[in-house]
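Visitor: Residue numbers are given in the numbering used here: position 173 of the sequence shown equals residue 173, and the series is strictly consecutive.
It is worth saying that the hints were derived from the structure and are not from the lab.
Where hints are given, some of them may not hold.
[What the hints assert, rightly or not] Taking CB as the label site, the calculated pair distances span:
| no. | residue 1 | residue 2 | range |
| --- | --- | --- | --- |
| 1 | Glu415 | Ala235 | 28 to 36 angstroms |
| 2 | Ala88 | Gly275 | 50 to 58 angstroms |
| 3 | Gly359 | Gly330 | 32 to 40 angstroms |
| 4 | Lys120 | Gly424 | 40 to 48 angstroms |
| 5 | Val109 | Glu89 | 32 to 40 angstroms |
| 6 | Asp374 | Gly90 | 23 to 31 angstroms |
| 7 | Arg217 | Val419 | 26 to 34 angstroms |
| 8 | Pro162 | Glu216 | 31 to 39 angstroms |
| 9 | Glu377 | Glu216 | 39 to 47 angstroms |
| 10 | Glu89 | Ala296 | 38 to 46 angstroms |
| 11 | Pro248 | Arg217 | 14 to 22 angstroms |
[To be verified] Pairs of lysine to any residue, SDA-like flavour, derived with a Cα cap of 20 angstroms:
| no. | residue 1 | residue 2 |
| --- | --- | --- |
| 12 | Lys322 | Gly382 |
| 13 | Lys325 | Val312 |
| 14 | Lys322 | Val312 |
| 15 | Lys322 | Lys352 |
| 16 | Lys394 | Arg430 |
| 17 | Lys394 | Gly375 |
| 18 | Lys352 | Pro385 |
| 19 | Lys120 | Asp55 |
| 20 | Lys352 | Gly319 |
| 21 | Lys394 | Asp436 |
| 22 | Lys322 | Gly90 |
| 23 | Lys325 | Gly90 |
| 24 | Lys394 | Asp373 |
| 25 | Lys322 | Ala337 |
| 26 | Lys352 | Asp386 |
| 27 | Lys394 | Leu376 |
| 28 | Lys325 | Ala88 |
| 29 | Lys352 | Gly381 |
| 30 | Lys352 | Leu323 |
| 31 | Lys322 | Asp333 |
| 32 | Lys325 | Arg84 |
| 33 | Lys394 | Glu377 |
| 34 | Lys322 | Pro310 |
| 35 | Lys322 | Ala88 |
| 36 | Lys352 | Gly379 |
| 37 | Lys120 | Pro139 |
Virtual Cβ for every residue (Gly too), placed ideally from N, Cα, C.
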Amino acid sequence: MTGRRPIRSTLPGGLGGRSPATRTGALAAGALVACASLAVGCGVVPGATGDSGADPITVMTWAPQDTGATNKPGMPALAQAYARWVNAEGGLGGRKLDVLTCNDHNDSVAAAKCARRAVKEHAVAVLGSYSQYADSFFPVLEGARIPYIGGYGLTNAEFTSPLSYPVNGGQPALLAGLGSALAGTCGPVSLVRPDTIAGDQLPALLDSGLVSGGHERAHDQRAAEDATAYDDQSARALAREGTGGGEPGCVVPVLGDRTGTFMDSFRRAREDHPGVRTATVLGSVDQTTVNASGGASGPYEGAYVTGWYPSVGDPAWDGMKKLIKEQAFGDNDVDAADAGVQTTWIAYTVFKEVVESLGDGEVSADTVRRALDDGLEVGTGGLTPDLRWTFADKLASVGFPRLVNADVTLQVVREGHLVSARRGAVDTTRTLQNADVA
1 MTGRRPIRST LPGGLGGRSP ATRTGALAAG ALVACASLAV GCGVVPGATG
51 DSGADPITVM TWAPQDTGAT NKPGMPALAQ AYARWVNAEG GLGGRKLDVL
101 TCNDHNDSVA AAKCARRAVK EHAVAVLGSY SQYADSFFPV LEGARIPYIG
151 GYGLTNAEFT SPLSYPVNGG QPALLAGLGS ALAGTCGPVS LVRPDTIAGD
201 QLPALLDSGL VSGGHERAHD QRAAEDATAY DDQSARALAR EGTGGGEPGC
251 VVPVLGDRTG TFMDSFRRAR EDHPGVRTAT VLGSVDQTTV NASGGASGPY
301 EGAYVTGWYP SVGDPAWDGM KKLIKEQAFG DNDVDAADAG VQTTWIAYTV
351 FKEVVESLGD GEVSADTVRR ALDDGLEVGT GGLTPDLRWT FADKLASVGF
401 PRLVNADVTL QVVREGHLVS ARRGAVDTTR TLQNADVA
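My request is simple: use the sequences and hints to build the entire structure.
Guide: Dropping the structure here:
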């Protein structure tokens with residue numbers, strides 16, 4: 001920031017068919033996040049300054065770490081590496097970048113504390129972060145008019161808040177695209193998802209894709225997001241295998257870090273159901289997960305996986321890989337194939353362009369927000385379509401006014417490797433117009 005505190009104010013198979021627009025409801029649950037010292041997950045990354053006469057620019061990145069559910073330590077770790085990299089190059093426009101990090105602990109109280117710390121430390125933006133507790137942190141950010149750029153896309157609030165600038169289509173696009181891909185290839189579909197407020201929105205999103213392809217809705221199967229085994233859930237999902245009378249069924253676990261735990265149970269239970277396939281979304285499965293589960297001989301072989309971005313082997317990721325090699329070499333938290341790490345990289349890429357657009361002017365929460373609201377179009381080097389946030393986009397009428405990038409990529413696990421199942425990305429806009437998440 002430059003000296004002033006922000007002014008406060010109160011998948012394969014077609015993606016088809018338009019249907020009448022439906023409204024969406026808020027997805028996230030309330031949240032507050034705990035921040036401690038850098039040693040326990042929160043801190044400031046110092047670095048060489050550019051122009052010593054310019055005030056530093058302060059931003060924050062948060063994500064859950066060291067919890068019994070989903071953890072995303074690579075996101076704050078990548079943010080810290082980005083600060084070291086950009087400061088070594090003279091900063092952003094000659095100004096040092098200070099990155100605050102915070103651990104939201106998958107807890108609503110901790111998430112709100114992270115947001116309050118961002119306000120207290122005069123952060124001009126929250127970048128590339130992960131939290132399912134939007135109802136807790138967004139009111140804090142909105143009260144201080146701090147923009148939230150590049151959230152992971154877990155909650156509906158990330159696609160409705162005027163202070164949110166998402167870089168991907170979040171869970172809505174991933175599940176709609178996956179449903180479209182499975183509609184023509186699967187018999188009965190079972191969705192195994194967390195028994196949480198965020199998880200409650202997932203069935204309608206998957207169903208929007210299935211129904212658009214002429215398939216029946218998925219069976220909704222809830223599960224604890226921090227379970228140590230999923231034997232019962234696996235058995236129940238497989239019990240529906242014989243109900244379709246045609247194609248083998250498909251089981252879709254979307255349990256974040258616990259997807260691997262589910263698949264350990266599922267591998268044993270499916271021995272009498274060799275035809276049943278699996279499918280999921282990036283964030284629940286990546287190449288590391290596939291490798292750890294046995295590669296080509298593991299339970300993911302043949303599974304479809306939807307993602308937001310090109311595969312990690314695409315040259316568009318070369319800049320991020322160079323950063324990781326130079327500034328995060330040896331840090332096992334920073335995996336170039338992790339969707340959270342990738343989202344954080346894109347969020348910081350967007351922020352860099354915003355700062356550059358301001359020239360020698362003030363960099364504050366207000367100026368960053370105004371630049372984005374005034375129609376600044378941001379390129380991400382081919383990782384996403386050019387991004388521009390308005391309230392007049394195609395999905396505004398169905399309750400996603402901030403969802404400006406509905407593209408998904410479809411991958412498949414083939415011979416133990418995640419590879420593209422089709423060329424290019426698929427736009428899920430029309431499919432999402434069928435989603436009934438009211």
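Visitor: Next, verify each hint and record whether it holds.
Guide: Against the structure, the hints:
1. For Glu415 and Ala235, the hinted distance range of 28 to 36 angstroms is satisfied, since their beta carbons lie about 29 angstroms from each other.
2. At roughly 54 angstroms, the beta carbons of Ala88 and Gly275 sit within the given window of 50 to 58 angstroms.
3. Between Gly359 and Gly330 the C-beta distance comes to about 37 angstroms, which sits within the given range of 32 to 40 angstroms.
4. Remark: the range hint 40 to 48 angstroms for Lys120 to Gly424 is upheld by a beta-carbon distance near 44 angstroms.
5. Taking 32 to 40 angstroms as the suggested C-beta distance range, the pair Val109 and Glu89 conforms, at roughly 38 angstroms.
6. Checked against the hint of 23 to 31 angstroms, the pair Asp374 and Gly90 passes, with Cβ atoms roughly 27 angstroms apart.
7. Between Arg217 and Val419 the beta carbon distance is about 29 angstroms. The supplied range of 26 to 34 angstroms therefore holds.
8. In this structure the hint that Pro162 and Glu216 lie 31 to 39 angstroms apart at CB holds, the actual value being about 37 angstroms.
9. Taken as a hint, the range 39 to 47 angstroms holds for the pair Glu377 and Glu216, whose Cβ atoms sit roughly 41 angstroms apart.
10. Between Glu89 and Ala296, the C-beta spacing of about 42 angstroms keeps the proposed range 38 to 46 angstroms intact.
11. Checked against the hint of 14 to 22 angstroms, the C-beta distance between Pro248 and Arg217 comes to roughly 18 angstroms, which is consistent with it.
12. Restraint check: the Cα-Cα separation between Lys322 and Gly382 comes to about 17 angstroms, which is no more than 20 angstroms; the hinted pair holds.
13. For the hint linking Lys325 to Val312, the alpha-carbon distance of about 15 angstroms falls within 20 angstroms, and the restraint holds.
14. A hinted pair counts as satisfied when its Cα atoms are at most 20 angstroms apart, and Lys322 with Val312 qualifies at roughly 13 angstroms.
15. Pair hint Lys322 plus Lys352 holds up; C-alpha atoms about 17 angstroms apart against a cutoff of 20 angstroms.
16. Our distance criterion of 20 angstroms between C-alpha atoms is met by Lys394 and Arg430, whose separation comes to about 9 angstroms.
17. For the hint linking Lys394 to Gly375, the alpha-carbon distance of about 16 angstroms falls within 20 angstroms, and the restraint holds.
18. Simply put, Lys352 and Pro385 have alpha-carbon atoms about 17 angstroms apart, close enough for the 20 angstroms limit, and the pair holds.
19. Taken as a hint, the Lys120 and Asp55 pair is honoured in the structure, with Cα atoms around 17 angstroms apart against an allowance of 20 angstroms.
20. With a C-alpha separation of about 14 angstroms, the suggested pair Lys352 and Gly319 falls inside the 20 angstroms cut-off, and the hint holds.
21. Note on Lys394 and Asp436: the hinted pairing holds, with a Cα-Cα distance of about 16 angstroms set against a maximum of 20 angstroms.
22. As the CA atoms of Lys322 and Gly90 are separated by approximately 17 angstroms, the hinted pair is consistent with the 20 angstroms bound.
23. Among the hinted pairs, Lys325 with Gly90 is consistent with the structure: their alpha-carbon atoms are about 19 angstroms apart, no more than 20 angstroms.
24. A hinted pair counts as satisfied when its Cα atoms are at most 20 angstroms apart, and Lys394 with Asp373 qualifies at roughly 17 angstroms.
25. Using a Cα cut-off of 20 angstroms, the hinted pair Lys322 and Ala337 holds, with the two alpha carbons roughly 14 angstroms apart.
26. Simply put, Lys352 and Asp386 have alpha-carbon atoms about 15 angstroms apart, close enough for the 20 angstroms limit, and the pair holds.
27. Restraint check for Lys394 and Leu376: the C-alpha separation of about 18 angstroms stays at or below 20 angstroms, so the hint holds.
28. Taken as a hint, the Lys325 and Ala88 pair is honoured in the structure, with Cα atoms around 14 angstroms apart against an allowance of 20 angstroms.
29. Only pairs whose Cα atoms come within 20 angstroms are accepted, and Lys352 paired with Gly381 is accepted, the gap being roughly 13 angstroms.
30. Under the criterion of a C-alpha separation no larger than 20 angstroms, the hint pairing Lys352 with Leu323 is consistent with the structure, at around 15 angstroms.
31. Only pairs whose Cα atoms come within 20 angstroms are accepted, and Lys322 paired with Asp333 is accepted, the gap being roughly 16 angstroms.
32. Pair hint Lys325 plus Arg84 holds up; C-alpha atoms about 12 angstroms apart against a cutoff of 20 angstroms.
33. Taking the CA atoms of Lys394 and Glu377, the gap is about 17 angstroms. The hint holds against a cut of 20 angstroms.
34. For the given pair, Lys322 sits about 17 angstroms from Pro310 by alpha-carbon distance, which is consistent with the 20 angstroms threshold.
35. For the proposed pair Lys322 and Ala88, the alpha carbon gap of about 14 angstroms is at most 20 angstroms, so the pair holds.
36. Only pairs whose Cα atoms come within 20 angstroms are accepted, and Lys352 paired with Gly379 is accepted, the gap being roughly 11 angstroms.
37. Our distance criterion of 20 angstroms between C-alpha atoms is met by Lys120 and Pro139, whose separation comes to about 15 angstroms.
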